[in-house]
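Participant: Listed below, chain by chain, are the residues.
2 protein chains.
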Amino acid sequence: MLNAQSKDVHQCDSGWVPVYVDQEKSISLMSIGFLLEHPDDAVVWRGPKKNALIKQFASDVAWGDLDFLIVDTPPGTSDEHIATVDALRPFNPMGALLVTTPQAVSVGDVRRELTFCKKTGLRVIGIVENMSGYVCPHCTECTNIFSKGGGEELARLSGVPFLGCVPLDPLLSQSLEQGKDFVQEFPNSAAYPAISSIARQILDMASPRS
Amino acid sequence: MLNAQSKDVHQCDSGWVPVYVDQEKSISLMSIGFLLEHPDDAVVWRGPKKNALIKQFASDVAWGDLDFLIVDTPPGTSDEHIATVDALRPFNPMGALLVTTPQAVSVGDVRRELTFCKKTGLRVIGIVENMSGYVCPHCTECTNIFSKGGGEELARLSGVPFLGCVPLDPLLSQSLEQGKDFVQEFPNSAAYPAISSIARQILDMASPRS
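These protein sequence lines map, in sequence, to chains A and F. Using the numbering used here, read the first sequence as starting at -10 and increasing by one per residue. Using the numbering used here, read the second sequence as starting at -10 and increasing by one per residue.
Just chain A, same shape as in the assembly (with noise of 0.2 Å):
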């Protein structure tokens, strides 16, 4: 998605060396891939071994100063997110931000993740449904191919910010697959708004105005 697949992690005195996708250094990235010899080497590995290089994402890498640390997990509430709220729990991390897509089957999982928050007493910064409603770009009529509204009735029932709808967009796809800068490249697209309006409410909460 970033174009950074072929790049690879160096060692410096202070510890890895992220990847970095720009010139300017602007995102910084790591990723067990970057460490694999091949790409489709399979990470056959037991949750101690996740566990333990989840830890040293957060500790031996030389970060720097950095304005947000993302941290991308798989769907659930297991080893990766035990792991990873324990890793950063000195940090005083501002929240997990909650994605759903619609389907009751999503919205499940992701109740389950409220659960998983409030039992290690980790914030909820929002809640966002993905692929909520399609837009034909034959007739310009919506759809919603999956159901609609689940994420939004979640945030209501536990009381947590809902921060927006992001729909099936084939424009964010493309970009995604080939690598694109989607916010430079489709400011006119139908997820544009959206991913941008969920991106500011973000950034106010980060930084509230005096």
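Everything hinted at is true.
Copies of the same chain look alike in the list, so a pair counts if it works inside one copy or between any two.
Straight-line C-alpha distance at most 30 Å; calculated DSSO-like pairs for lysine-lysine:
| hint | residue 1 | residue 2 |
| --- | --- | --- |
| 1 | K108 | K(-4) |
| 2 | K137 | K169 |
| 3 | K(-4) | K137 |
| 4 | K108 | K44 |
| 5 | K14 | K(-4) |
| 6 | K39 | K108 |
| 7 | K(-4) | K107 |
By construction, these hints were calculated from the structure, which means they are not laboratory data.
Please build the complex by placing chain F on the supplied structure of chain A, with the hints as guidance.
Facilitator: Same frame as chain A, but now just chain F:
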């Protein structure tokens, strides 16, 4: 999806009694969801506990005579997958059916799952591409919301059978949301011929015509 949310698992002399979807007991289910007190409970378990339960699901459930045992795993190649392959190896399983969506990130995951199957000696029954194109119900034009053909290409490159593409279909989503029998209710929908053909190919592999 199968309208079984509120059902309970009972004990009998030969182990746990699975949950039956219908009176005829044509489908038996077992899931950790049936063992939770509340449906919103998060299962905050590390690997070893999950592995032990997966083993129990294979050994301690009174499955009776089954035509097929289908294990629906999360994506990836971690604890759940190792535990499932280990638990079922004595029963000489038919193999793994790999499901991808068309995007490169999803195909990449499945490519690593192919490596996992090779490493663990598990046969690959075939690859299916899900969410493959969308026929607008208003104008009947087909668009590829995501890219297209990633599943077929991967099957070709890795020499495993490609079993077909399942399009995005609001009628299928609706059936799954409401726990309806899609095959009975919507035989004329877009996804029906795809699903039916995939099922037929797998049945043919399981009991080849003499």
